[in-house]
Every structure is written in structure tokens, then in C-alpha cells.
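Undergrad: Hey, can you work out the whole structure from these sequences and the hints?
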Amino acid sequence: MEALILLLCLLLTTFQANTIGSWTTDNWLDFTEGFSEPCGGNMTDWRGVLLSPRYPNNYPNNTQCTWTIHSTGNATVSLIFTDVDLETCCDYIKVYDGPSTLHPFLGEIREYRNQSFKSSNNDLTVFFYSDHSVTRRGFYATWLFVESCGGYMTDWMGDFSSPRYPNNYPDNSYCTWTIHSTGNMTVSLTFIDVVLETCCDYIKVYDGPSTLHPLLGEIREYRNQSFKSSSNDLTVFFYSDSSVTRRGFHANWVFVDVGNINTTYTTITPETNSSEPCGGNMTDWRGVLLSPRYPNNYPNNAQCTWTIHSTGNTTVSLIFTDVDLETCCDYIKVYDGPSTLHPFLGEIREYRNQSFKSSNNDLTVFFYSDHSVTRRGFYATWLFVESCGGYMTDWMGDFSSPRYPNNYPDNSYCTWTIHSTGNMTVSLTFIDVVLETCCDYIKVYDGPSTLHPLLGEIREYRNQSFKSSSNDLTVFFYSDSSVTRRGFHANWVFVEAPSDDPCYSYTVLDDPWRATDYQNDSVLMCDRNVNWFGWYRLFIHGQSAQMPNTCIDKYKCGTHAPLWLNGGHPKVEDGVVTRGVCGHWQNNCCYFNTTPIRVKACPGNYYVYEFVRPSICALAYCADVGNINTTYTTITPETNSSEPCGGNMTDWRGVLLSPRYPNNYPNNAQCTWTIHSTGNTTVSLIFTDVDLETCCDYIKVYDGPSTLHPFLGEIREYRNQSFKSSNNDLTVFFYSDHSVTRRGFYATWLFVESCGGYMTDWMGDFSSPRYPNNYPDNSYCTWTIHSTGNMTVSLTLIDVVLETCCDYIKVYDGPSILHPLLGEIREYRNQSFKSSSNDLTVFFYSDSSVTRRGFHANWVFVVPHPECGGHLYGSGLFSSPNYPNYYHDNAYCVWYLSAVQGQRLFLTFADVQLERCCNCDYITIYDGSSTGHSQLGKVCFNDTTHQVFHSSSRYLTVVFRSDYSGVSHGFKALFTSSLSADKGHVDCSSDNMVIVIQRSYLNSLGLSGNDLYVDEHLCRPNISSTEVVFSFPLDACGTVKEMMNGYVSYTNNVWASQSQSGEITRQSQFLLHVGCRMEPDTMVQIFYKAMENINANITGTGRFNASIAFYTSSSFNQQIYDSPYEVNLNQLLYVQVELNRHDNSLDLFLDTCVASPNPSDFKDRSYDLLRNGCPRDNTYYSYTSGEHYYAQFSLQAFKFLRTHADVYLQCKVIICPDSDYNSRCQQGCHFRHKRSLDSTYHTNTVKLGPIKLKGA
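Residue numbering for the sequence shown follows this note's numbering, beginning at 42 and increasing consecutively.
It is worth saying that the hints were derived from the structure and are not from the lab. The model shown is predicted, which means the values in this text are computed figures rather than measured ones. Just to be clear, a hint being listed does not mean it is correct.
Label-pair restraints from in silico Cβ distances [claimed, not checked]:
#1 Ser-970 / Leu-918: 48 to 58 Å
#2 Arg-569 / Gln-1172: 35 to 45 Å
#3 Ser-767 / His-582: 38 to 48 Å
#4 Asp-435 / His-582: 34 to 44 Å
#5 Thr-462 / Lys-484: 18 to 28 Å
Ideal Cβ positions, reconstructed from N, Cα and C, are used throughout, including at glycine.
TA: What follows is the structure, given as C-alpha cells:
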């Protein structure tokens, strides 16, 4: 439906600042004797302000005010006093932790000390008292509902964190944790991570069960702090102010035996029994390892062995978060296996945040202490994690992060080693990288382990490639314990080790923009973005070139500062030399003096350069057009154009590479590959890297064993292309001409299961390929289900998870996709379909991108029953087969209800008695002409809620299904269609309901207007010669407001009783249900007759109304009515948008606010203040949005350039039920572009302005 557009234009132009005369409060003293001015109150908003009476003027004498602030759900109340000025001797404020002053006393205030309080539950009470004498300014306090945090812990060990850790904690946190031990135990607490706003946020630790006990310490930054209680209790308090937040903290505790505490400090511990038990076999999926007596000193002569054993496809991850040993003599050793005889992973003598991971199911930890000095020991945690990593020796392949393309798990430690042989090296390319950039990473090492040189670290995707200098390359992947992302996908290939002479082993660099005569100010290139590796030779349009030896003007060579060679080129006999590189900027030819490069002169009068990455952007290497070598134009070293390529591939998976990939392919290449699968498989081919000369070189793919078969597509550039054969063969042809060459291509093939089928069993099931794992890309599957005799096919989709934008299932009523379409499925709605004859066809399609779990479906052959289902028109009754007797097993009945064009249908169930299993026997109602439309609801068991289902068009579809066991009496349903407007209608606004019934219609029923009344009998109609009219506010005359399926509905009833005695009646009643339902963009009225013998409905339209206005301050107490509204540049403007009818059950959310100098055009020239709930202007501040029937915000005044000084605002608002916690109003900012608003939201647009600058 069309969106509700409410354009409320308030002409607010500027005003001249008025001088407000000064005044005093001296003559109030006599007036306040015996003061009874009202104050206090009950506050339920999620944020607000408490003010003393008359603040900021002096409060009166003899004041006694009580405020109660009440939050809901899991929220507590945070109260902060930001201004306090009292008569300190005699006036005061008291704060109580509960809904009255009878609850626990939190504190008293007589002067300002930036005091703050937090309730332990939903309520906080504030009491203010002033005596009969001196008064002051009073106080200003703000309250805010905050997430509950803190707790009371009694476990012998554990950990806790600041709210939302490891994400930033919220503002205004007040959290208290109390840790309670029993018996002879005390509490040892260690902070293992602390990142706070050091100026203003802090942690305090108290030696006892509350913050009234002695303070042990205050923490504002991480210093590996530890604390111990002197008794059974320790209390931790965390505070954050209203501004900057950080990651927060993570801490762990353990109970320790007081008897083990050494109360006399000495570097040598008392002699202990070295046989004190320690170590053990651990099999839990997570846990803690502690040195004996931790956090007290471990004993001498300890020898402890722990074995941690996981199961299945998991390994053990072990992290040490606290280590304090005698470094000379005591140690921890970790082994990769179930004993100390297995491979040694490492030794620990001091804390360096060490972590270890087993290569299989077991990890062994050995701890040793000698006979002398002891320390605190260690604290370590273990966790079972999915196995990952590997040792690869194939000449090519690919690998991914765990669970790719789904998010990788926390605490991943994965190592892949790729090993080549002979004269081969490893070339590795990352083709997809999405990580948590702050904390997760990939590292690549030039050798068989992480002890070898680091080639690079990756945290985000930049098409990175790496080459080993020998046979081995190692990749290490790490993820921390918090946020995860999609991960990475990489491929490798073995390549011949490059020749020692760079004159015959180089990469061609032929970018036209590098020419010294090239200038383009629109797109500036930067060589810092290139992953330089090895030697390069410069070309311009296929002709050999060299770097310039002299200064080049800025903005040449397609960049800001062009790079030239400082020191001249060498001669051939000089070999490899090092030269400086300069970049011209600010009239200085060598303003940028970047990292030197190596240069070599080659036979044949050309040069090669070992380029390196410049330190900043935008710098780029130049090719000198004044030194073109026209006698030597071959781009790559001379090669035989008959170099062998192509082939016949029969492995079930593999890689296709252009010749010499990842180095440039040769000229005049013509390569043909044929990939042949066997059995019931087809060939899936995916190109993951393509770099060709787009004008002249190409790849062609054919669906069969030669290029004579159907042509599937041509590739000249990379677009993540993929292809699939329709049978066992696929052919790939690659061509390059005689000129420029590029890197070429990398493609992978895979044999995939063929899908689809022809089913004739009387029952069965089928699934998408690979279900329940993700189906592959480019699936085209067709299943045909064929019954015989008098049987039809009943199909049910019992699980559907697809990429809703692009992948789908279609169901056809016949033996092929040429027959009638029964429905299309993109998401799960428990859909069922039934054929009208012996055949049903299902078609499944997936595109070349994202995949999901797919679907699972079952079918059964059913005997059609003549009394089951059918096409019904207008109004009437229908029921389950044999009603009121038992229906039969395996029933599948579809009723197609329809009405006259322009009318709608209304469906109710008078009786429902089904099997006591909602997934066995049920009724489903669809809003349209087939089961492919949206589902309105599901009815099962004995649902007698009398819910009314009404269509959005003239069609409804009702499906009844029973399974193979268990039956009952069934159901009876009534449906009616709407009346024409000449019989009656109802109009609704945001305030009123108006019901109009034509007297001619009443006369046809034998009724009079005097017989009619609504639910509140005192509300009477106005009767004219032609109409009977009820008109009343929406909240009057017995109208009931309901929240149903995300809609707001207002319902009433119109009754009629013809009385014989004037007091009673024995005739059947006439009843009209009347309603106004708020649909997505309009208000739709429902008005129908609820009797079997008179079937009627009436529909109409209406809308919510909203308004927007300026206010004088952030209190939003005083609206600005001045017109025009004149402001100063940068002046704060306060704006409120509200529903005209104040309704606390509705929320108003600001979705988008735009400014424009033109009140009729907010597109061509506009400025975004707010978009999709996200602020776009840095002065925009939201006070509230999506939480009440109003929204409030502020911004600083501005003006548009090159136009008059007027500014207009337009805001798009969304209205949601307050009870819907999943509504758009509750979701806040959507950073990414979303589709159009869901159909359950009401939208309005309001406009305000102009705002005009003073003096303009």
C-alpha cells in the first residue's frame, strides 16, 4: 500500500532575541510560609530529569517531595546529581533502594560531590526536605535505565566481565559483584584484562561483602592486579561515566584455603611434602589448570602432570593467563600428546600470554618446582576447539578457515604447511579475507614452520599473494575469544623457482597511466596498494620503456608525486646496483625520498627493477616516454608459441591454470582443456582469479567434450564466474594474441552430484544437494513425483533455508515445469502442495553466490475425497471431511475462497477438534489464491480463540492436512465477503471511529436504527433519513485496542435487538463486528456481520497523525510558536515529533531526517541529518527515538551554500507497537542499506521550517 504521508509544514522563521528583564525571589519568602506547592511523582520513562521545585530559582521552604523511579524488565535505575546547592545544615536529599522510603537507605546529600546511585532492582526513591528558613538553588539530577550487571557468586572458581565484554561497556554502568566463600576459604581475585577510560571509569575492590568494607585497591588500567580477601567475602564495584567507553575488564577468582597461606614473608617456603597430590586427567570441554595452592605459593619439590583429552574432531587449546615462577629453576612444559613422551611444544618460566594447541585429541602439561624458592604459580584455561590446519603436498589446491564461508569459531589456532619438491616453490593467493581486524589475523612464513621469516600479516582483504623462496610455506591463523567473521579462502600452486638472472625472469608492468606524459586529476593511482614481489620490466603500449632519470612534474604518471630514478641507470657490466627513488612535490624534485630499489641493465638494451612498496600514498613509479625502445618490443622473454598447454582432466577435483601462472602467460597461446566426470556427476567450474588483456585475450567455456558443443560463456575479466555442465563433460578454451600479456587465470573444478529425479514410490522424501550441509552454487534440479490410478500427490516442505533474494523452489501441478505453477518458495512457512492429478514437479535453483542449508521435503500419495476442498465463492460454510464425524488419515484438502473484485474475505472457525499434535493435523490459511502466498496463520488441536482471518485481496486459501495416525472430529469454518459501500462503511482517524450504516440495508433485514447500539450502551447513534451514524473517540464507547501480529487494532460491536416488552428479547441478535486495523501504510477498517444467515463486511480507510515542532531547550517543556523562527549559526535547535493522540502503547521511531533549502524538493539538493536511524550529522543528538509516542533530537543550525538562508527539515517516522520487541523501532541504527520497510510498520512524513539565519 502507499505509505502514509503526513506533511505538516510549520512556517518557523527567525526571531530577534528578546531581552528578559531581571527579577528576584525575595518577595517569595512570605508567600512560601506554609508551603504546599506540589512536587514529587512517579517516573517510568527510561531517562529523565529530577529538579527541585522552581529550579534553577530557589526552592521554597517547608518542602517535602518524594519521587519514585520505576524501570521494567532486566533494567535498574542509575541516578546522577550534576548540580546540588542546599542549605547544608538543614535541607537534604535522601535516596532509597526500592519503591518507597521504607526500603534500604543508599545515601544522603547536602552538598555537591558528583554523587551517583544505582538501584539493585527496578525501583529507586528520592526524598527531598527543606526546613522553614534559608533556601538555595536546589538540585538537578538525571536518571537512566541501565542494563543489570553484577552478581553474587558462590562457586569455588570462575570468571566475570564488564557488561558487553569484549565489546565496549555501556555508559553509566554501576555494577557490584560479591564473591562469597565458606568455611576456612578466602577469595583470590586476578584481573587478566583491563582497558578503561582511565580518567573517569574505574574498578574498586573491597575486603568484605559490600562497598562499606575496607578498600583493597582501585584499578584504572591493566597491571596484572591480584587481590585476596581476609575473610569469606570480596566485593568488586565497576563504574563508568556518561562519556567514552572502552573494552572493559575480565577477571577470575578461586577459593584458597586459609591454612595454606604463608603469613610470614620469606623467599624460601616452609618445607612441604613433595608428594602433595597434583595433576590429573581432564576430559571436560573446558576448564582451569592451577598450580598447587594457587594463588598462594606452590610447594617445593612439586612434580605435577595433567593430561587433557578431547574427543571426536576436536583439539585442545591451552592459554596461560597468569604465570609467576622462580625463573631459574621452576618451569612448565607442554607436550603434544597424552604423555611427556610425545612432541615437545614449549617451556614456560615467565608470563608472556603463552598459548598452545594440540595437533590431535591430547595435550600434556608438566609442572616442576625445585627445593628452594617458590612463587604464586600459574593459572591456565583449556578449551576444546575444532581441528584445523594441515600438511599439504599436492602441486595445487585450496584451503579455508574453519567453517568457511560461515563464521570461524573463537580461539582458533590453525597452522597449514605447504611443501613442494625439487626446483618448485609455493605461490599462495588469498581470494577472500574477512576477519575481526582488531584481534584476528593470518601470518605467512617463508619456510616449514612459524620459526622461519615472516612474509606478511593479513587482517583484511587486499588480494594478497606470497611466494616462498624454497620448498615450503607456512600459514598460521589465529582468532581470539570474542567476535568472529567469515574468515578466509586461499589457493596455492607450485611454480618453478625463478632464474637467478632477473633479465630473464621478471613481471611485465604495462600500465598506460605510468607514462610521463599521462595526466589525470580524477583518479590518482598509488603503488603502496601493490604487493610488489621480485623484478619488473616497464612497457608502454607493448613497447619497452625505462624509468626517467630526471625530475618529473607532479600530477604526471597518474599520481600525485611521480617517482623517478635518482642516480642514473647502470651499464650491463655493472650488474645489479642500488639506486635512490625520488618523488616531486612542493617544488622539490626529491621531496619524497622513498626506499631505494635495485636496478639491472640487460642485454638487448632494457632494464629490470626490483620495485618496493612506497611508504605513503599517492606515489607511483613512472615510465619515460622519451626513452621508448622501438627495436625490442616483445613483452615477455622470447618463448615458443607452441609451448604445451591444455589437457584431459579426469580427477574429481583440480585446478586449471593459464601457462606460467601466476607469472604472465606467453603470446600466441591456444589451450584446450576437457574435464570429464563419470557416473551421476557433472562438472562445476569456478574462476577465482582472472587477469587478461581484455581487448584481445579470452577464455571460452563449452557444455560438452569439445568446442563444438553448446557455448556456455566467455570471460575477459574477473567477475567470480562459474559454470556447470549438463552432463559429464566441460571444455575450456584459452586464447592470447601476439601482444600484451597478463597474469592469466586460476580456476578450480569439482565433480558434483547430479540432482533431481523421477519418483514413483507411494511415499518418500528428498532434499537439496548436500543437505543438511549447504547446497552448491549453480544448482538446477528437477524432481517429478508420479502416482497411479486414483491417487494424487501431497507434498510438504519440512525445512527450507535458502538465499531468499536469489535461490528458490517452484512447484508445478503436473509432470513438468510447463504445467500450472502451484507456488514459489524462498523461505520456510511449513508449505504444503497437492496435485490435481497423478503428477507433481519440483524445481530447485541456486545462483552463483551465497548458499544455505537448502530444503527437505516429503511426499505421500493420497486418495482424493469429493467432499474435501474445492472452490467457494462469496459467503458460506465449509468443514473437514465427514464433519462432525471423524476425518480420515492422510487428508489433504484445499479450499480456494474468492469474492467479487474489490471485496475482501473474512474467515472464522466455529469449531476446531483436531489431533493433539500441532505438527500432525492442522489448518493453514494463506493470504491469496494459492499456498504460494504469505501465511496468515495456523490453527490446530482445539483452538477456539475465534481469531478472524481477513484477506488483503479477494482471495483466501485454506489447507487442511492430517497425518497417517490419529484423527478427531475436525472443524467447521464460516467465511463472508465485504459489502458494497452503499450498505455501510466505517471511517477511522487517529482519534475517532465513525460507523455509518445505510437505513435501506437495515430495512432489508427488518431492523430499525433505534434497535442499534455499540458495546457501551450509552453511546447512541444519530439517525437521519438515510443513515444511522455512530461517532466516538477510539478510546470510548467500549472500544478495545489489541496488538495482533504486529498490528494495532481497535474493535467494537454493533448490536440490534427487537424488544417485545421493551426490556428483553427472545429473537436472535444482529451483530456487526467493527474494527480499525493499522496496516503497513494505512488504516484499514473491518466491519462485518457475525451471523451465519446474514454474511456481510464493510471496509474503509484511516491514518495516524503526527506533528513536528521546535522547543526552547532539551527539557522540551516549552514549544516555540514564533513565526518566523530566526536563529544564529551553530545555535542548538531542539525538535520533537509526536503522535497527535498520545498513546503509551505505541512507539514513534525517527528513521530518516533530511534538510533542504527547498520545501518541495528533498532529493536534488539535500543534506542528511539521519539515515536509516543512523546519525549522519556530527551535531545530531538523539534524546529518545523508538521508545515513546514521541521522539526528540537536537542539532546545530547551519546554512546551505550559494542559496538563501532558509532551511527546511523533513523526517520520516515509523510507528510500532510498544509490546513488539523485535520491531524496527527497537532495532536502532541500520548501517547497511535495507530493503523497503516491512509491511507491518506504519510510516509518516513530517516537515518543519523554514529555519532562517539572523541578518540573512
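Undergrad: All hints, please: hold or fail.
TA: Taking the hints in turn, this is what the structure says about them:
no.	hint	verdict
1	Ser-970 / Leu-918: 48 to 58 Å	violated, 21 Å
2	Arg-569 / Gln-1172: 35 to 45 Å	holds, 44 Å
3	Ser-767 / His-582: 38 to 48 Å	holds, 42 Å
4	Asp-435 / His-582: 34 to 44 Å	holds, 40 Å
5	Thr-462 / Lys-484: 18 to 28 Å	holds, 24 Å
Hint compliance for this structure: hint 1 alone is broken.
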